[in-house]
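Peer 1: Read off the chains here:
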Amino acid sequence: MTTAPLDKTLPLGKTGLSHSAIFWIGFCVVIAVLAAAPLVLPEFWRRFLTEVLIWGLLAMSSDLLIGYTGMISFGHSAFFGLGMYGAGAALLLVNPPNLWLAILFGLAGAAGAALFVAYFSTRLRDIYFAITTLIFSQIFYVIIFTWTAVTGGENGLIFTRPHLTIPFIYNARFTTTTMHWFVLAVVTASYLILRRVTQSPFGMVLQSIRENEPRTRAIGYPVARYKMMSVMLSGLFAGLAGVLYAIQNEFAAPNFVYFLTSGDTVIYNVIGGIGTLVGPIVGAGFFQLARELLARLFGDQFPYLIPLGIVFIVMIIFLPQGLLGFARRWLNR
Amino acid sequence: MDAVGHFFHSIPFDLIVIQTVNGIVAGMILALIASGLTLIFGIMDVVNFAHGELFMLGAYVGVIVIAATGNFWLGLVASALIVAILGAAIQIVTLRPLIGRDPLNTILATFGISLVLQNYALWQFGPVSRKIPEPISSHFTLFYLQYPWYRIVIAGLSAAIIGSFWLFLKYSKFGVWIRATAQDRVMAQAMGIPVPWVYTGVFAIGAAMAAASGVLFAPTTGVDHSMGLDWVLKAFIVVVVGGMGNLGGSIAAAIFVSLLESYAAIWMDPSQAVIVSFVVLILTLLFRPTGLFVSTPR
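The listed protein sequences derive, respectively, from chains B and S. When we follow the working numbering, the leftmost residue of the first sequence carries the number 1, and every step to the right adds one. When we follow the working numbering, the leftmost residue of the second sequence carries the number 1, and every step to the right adds one.
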């Protein structure tokens with residue numbers, strides 16, 4: 001069996017199709033498959049796929065920081081959790097619960113957390129940034145965990161799912177299928193926005209910060225402001241993922257603000273391939289699937305994080321580009 | 001006049017003294033953990049995410065050895081040695097291939113190590129916390145409290161370990177190698193110092209210090225698989241507040257932060273008192289980002 005190098009098997013230039021045509025055809029195929037999936041899959045896997053998309057959105061948001069700005073965030077659980085609790089607040093306070101209000105509240109919560117983290121953490125670089133984001137997310141965790149009167153403390157908040165409404169046009173109860181489509185629509189829109197952002201002049205400055213921060217500053221770009229914008233933007237999308245998760249599962253719990261969520265986000269990124277935007281979604285899918293399969297093979301008590309942690313370490317040493325790393329250039333063109 | 005008198009009466013002097021002692025004891029343990037962390041960072045440019053897990057594993061090894069032999073001090077020494085060997089093995093397998101790569105890779109790798117170790121501990125020892133009996137059970141009277149002598153011994157032992165480590169750095173051959181590598185890696189290599197082995201040795205020493213503090217600390221609360229994260233977070237705060245890679249600064253910051261936390265615990269719930277250390281961190285980042293205890297800003 002002969003395996004040709006990848007760039008030769010890709011029919012670039014040979015078929016006369018341009019790069020963008022292939023990209024958009026591929027994009028449409030993937031979206032079509034994901035949209036059709038809930039019609040074929042059983043209930044469990046339908047929910048599973050929806051959650052993978054939500055985790056993928058969270059991971060994609062942190063890819064903007066890790067992959068494009070070169071700052072590793074170990075604090076994305078704060079944005080995700082604030083999105084969850086924001087959505088929960090909207091759903092509990094306003095009657096009847098409103099979907100768009102939940103999204104608005106969640107984004108506001110995440111933006112608040114992101115502003116706080118962005119203001120303080122972007123003063124520091126590299127490792128210092130990673131540590132301070134971790135510590136800041138822990139501040140939010142402690143506040144949420146101990147402020148029982150408002151957040152429900154350890155038990156979290158329980159609320160009911162709002163209706164899927166488009167004002168004046170459509171109003172119906174969410175089913176697992178429409179929930180999946182809604183999540184897919186949000187994740188797809190987020191992907192397109194983030195892709196546009198990373199290819200914009202703003203995104204180019206972010207990548208230049210990743211490549212050489214002192215030089216970017218010397219050219220005259222206000223690096224601190226760009227970094228803060230990058231953290232804010234990343235936090236907003238992470239908050240959006242939190243809102244989706246809250247609506248999907250009808251609860252908000254302090255566990256999701258805890259460090260482990262941030263850790264998982266970093267793992268999705270590294271496994272899938274940083275700096276690709278779609279890679280983190282693939283990474284989330286790989287991670288969740290492996291976890292589910294290991295639990296089915298060896299029982300629920302099996303410490304799935306031991307083999308996955310080893311895979312993670314091996315990938316950092318031997319395949320730091322991640323699963324989709326080979327396509328990084330192509331995807332970003 | 002009456003108001004002033006009332007104000008002085010409202011200060012609980014006895015509580016303040018008790019909390020000062022508590023704070024210094026906690027600070028010395030924290031200093032022992034943080035000095036390993038800051039050493040590894042200062043020499044290798046590696047932020048060791050797995051440091052809390054080495055602390056936790058050290059405590060577990062202590063639990064096992066003490067249960068088998070009944071001797072606390074044997075457990076302390078055995079735990080430090082075993083975890084040092086484990087640390088050296090981890091460094092050789094995972095961190096050595098990453099020398100020369102972006103330092104962010106090493107923080108990710110050590111994060112992976114911490115995941116594996118923590119879940120191994122959960123799998124092996126279960127979620128129920130274990131207990132080590134205090135090796136010294138006598139107490140002395142501190143106001144209305146029977147204060148255990150053991151806690152004072154912890155503080156003294158931690159100080160002794162840090163002190164002897166400092167002497168080791170200053171006078172032993174390997175200590176000179178370590179300092180030379182910290183100053184100029186390339187030059188040290190050119191002078192024939194085996195830099196990769198210095199790295200391994202430093203990681204092993206840091207691991208041993210974490211393990212020792214784990215065993216020392218274990219009798220005061222329980223040992224469980226998740227104890228590492230709390231301590232590594234505190235140690236990170238201390239290391240940032242004290243100035244990264246600055247040994248003296250870390251020790252000063254450890255005692256400073258622990259004292260503040262124990263004073264705060266007089267008026268708040270202990271679980272909320274950690275917020276005080278977060279506030280110290282934020283203020284440090286705002287006004288002295290290079291660290292509170294660094295004499296000249298770098």
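What the hints contain is simulated information worked out from the structure, not anything from laboratory work. Any given hint might turn out to be false.
[Said to hold, decoys possible] Among chain B residues calculated to face chain S with C-beta under 10 Å, some are:
#1 98
#2 302
#3 305
#4 307
[Claimed, not checked] Restraint-style ranges between C-beta atoms, simulated for each label pair:
#5 289(S) to 215(B): 20 to 26 Å
#6 166(S) to 200(B): 25 to 31 Å
#7 201(B) to 163(S): 30 to 36 Å
#8 269(S) to 93(B): 47 to 53 Å
#9 92(S) to 165(B): 25 to 31 Å
#10 93(B) to 279(S): 25 to 31 Å
#11 251(B) to 271(S): 28 to 34 Å
#12 251(B) to 74(S): 45 to 51 Å
Each residue gets a CB set at the ideal place from its N, CA and C atoms; glycine is no exception.
Peer 1: Checking against the hints above, which ones are violated?
Peer 2: The structure breaks hints 1, 6, 7, 8, 9, 11; every other hint is satisfied.
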